[in-house]
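Each residue of the sequence shown is one higher than the one before, counting from 1 in full-length UniProt numbering.
Any given hint could turn out to be false.
[Unchecked claim] DSBU-like, lysine-lysine: derived pairs with alpha carbons at most 30 Å apart:
(1) 37 / 114
(2) 170 / 114
(3) 170 / 37
[Said to hold, decoys possible] Derived DEER-like restraints, expressed as beta-carbon distance ranges:
(4) 7 / 175: 21 to 29 Å
(5) 82 / 254: 45 to 53 Å
(6) 82 / 175: 36 to 44 Å
(7) 4 / 216: 30 to 38 Å
(8) 121 / 79: 16 to 24 Å
(9) 69 / 194: 22 to 30 Å
(10) 102 / 180: 44 to 52 Å
(11) 101 / 11: 34 to 42 Å
(12) 97 / 43: 13 to 21 Å
(13) 81 / 253: 40 to 48 Å
(14) 75 / 204: 42 to 50 Å
Hints were generated in silico from the structure; no laboratory data involved. Positions of the beta carbon are idealized from the N, C-alpha and C atoms, including for glycine.
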Amino acid sequence: MEAHHPFDLRGKVIVVTGASSGIGRQCAISCSRVGAKVILIARNEVRLGETLSLMDHSHHRILPMDLTEAAETEEKLAALKDLGGIHGVIHSAGISTTLPLRNISEDKLSNFFKTNVNASINLTRLLTRPGYAAKEGASVVFITSVMGVVGEAGKTLYSLTKGALVAGAKSLALELAPKKVRVNCVSPGVVVTPMSSSAVYSQDEASLEKIRSYHPLGLGEPEDVANACVFLLSDASRWITGTNLMVDGGYTAR
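Just need the whole structure built from these sequences, with the hints factored in.
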C-alpha cells in the first residue's frame, strides 16, 4: 500500500474563493495537482470555467456566487452538504486599492469591509457548522497581505481590512480548535496578478521599480502563495493554527 504523504490532499474537499483569477485561480489549480476535489467559488461563471479547464482531474465543482450577499451565500453553500465534509477553505476573494485618507468615504469603508472581512467571516461561520466541516477536522486559510501588518501611504483602507483578518484569525483559531478546525493567514507581498497589474504602482516603470526594490527576492508569482496554502491545508501543518505566514520575498524583513 502506498504510504501517505503529509502534503497530499487526496481524499480532501477544498473550497477556494476568488477562484476565477490570480492567486485564487492558482490555489485551485495547485490543490487539484495534489489530489484535492476543489469547489471553485467566484461571481464570474465563465472565468471559473477557464480555471476548471486548467485543473487536474475532473471531479471538481463550480459554484458561482456573490459572497457579499449573505443570504445567497448560505443558500448556495447548502449544495455542498452532499460532499461528506469540507476539509479546507482558501478564502482569496477580495478587493484592493490605493487611496489617500481624504478620499476614504463611509461608503468605501463599508464596501471594503463587506467584501474583505464580512464575507470571509460569514463563509467561515457557514462552512464550519455541523454537516459541513469534515468530522476529522478542517483548515481555513485567509489570504491577507503584508499590508495587514506594515504600513504604506495610501493603503489605509486596504490595510484596515487585511489587518482585521490577521487579528480575527487568532481568536477564530482558539474558538474553533475544539472542533478540530485550524485557522491561519497567508500574507503575500506583491504578486504578479491581474489585480497587481492594474494597481497604481504598475502604471509607470519608476513606481514599479520602487515596489520591486521592497522585495529582496523579487516580486512573487501566484504559485508561491498557492504552495504555502497547500501546506496549511495539508496534514503537514496539523499542529499549526492562529498564525500569519509571510510569503513576501523578504518585504517584511526590511
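Tested hints:
1. 37 / 114: 28 Å, holds
2. 170 / 114: 20 Å, holds
3. 170 / 37: Answer holds: residue 170 to residue 37 is near 27 Å, not above 30 Å.
4. 7 / 175: 21 to 29 Å: Taking Cβ atoms as reference, residue 7 and residue 175 lie about 27 Å apart, which means the hint holds.
5. 82 / 254: 45 to 53 Å: Given a distance of about 48 Å, which is inside 45 to 53 Å, the answer is holds.
6. 82 / 175: 36 to 44 Å: 27 Å, violated
7. 4 / 216: 30 to 38 Å: 36 Å, holds
8. 121 / 79: 16 to 24 Å: Once the Cβ atoms are compared, 21 Å apart, the range 16 to 24 Å for residue 79 and residue 121 holds.
9. 69 / 194: 22 to 30 Å: 23 Å, holds
10. 102 / 180: 44 to 52 Å: Holds - the Cβ-Cβ distance for residue 102 and residue 180, about 47 Å, lies within 44 to 52 Å.
11. 101 / 11: 34 to 42 Å: 49 Å, violated
12. 97 / 43: 13 to 21 Å: This hint holds: roughly 18 Å between Cβ atoms.
13. 81 / 253: 40 to 48 Å: Because 44 Å falls inside the window, the suggested range holds.
14. 75 / 204: 42 to 50 Å: 45 Å, holds
Against the hints set out earlier in the document, violations occur for numbers 6, 11.
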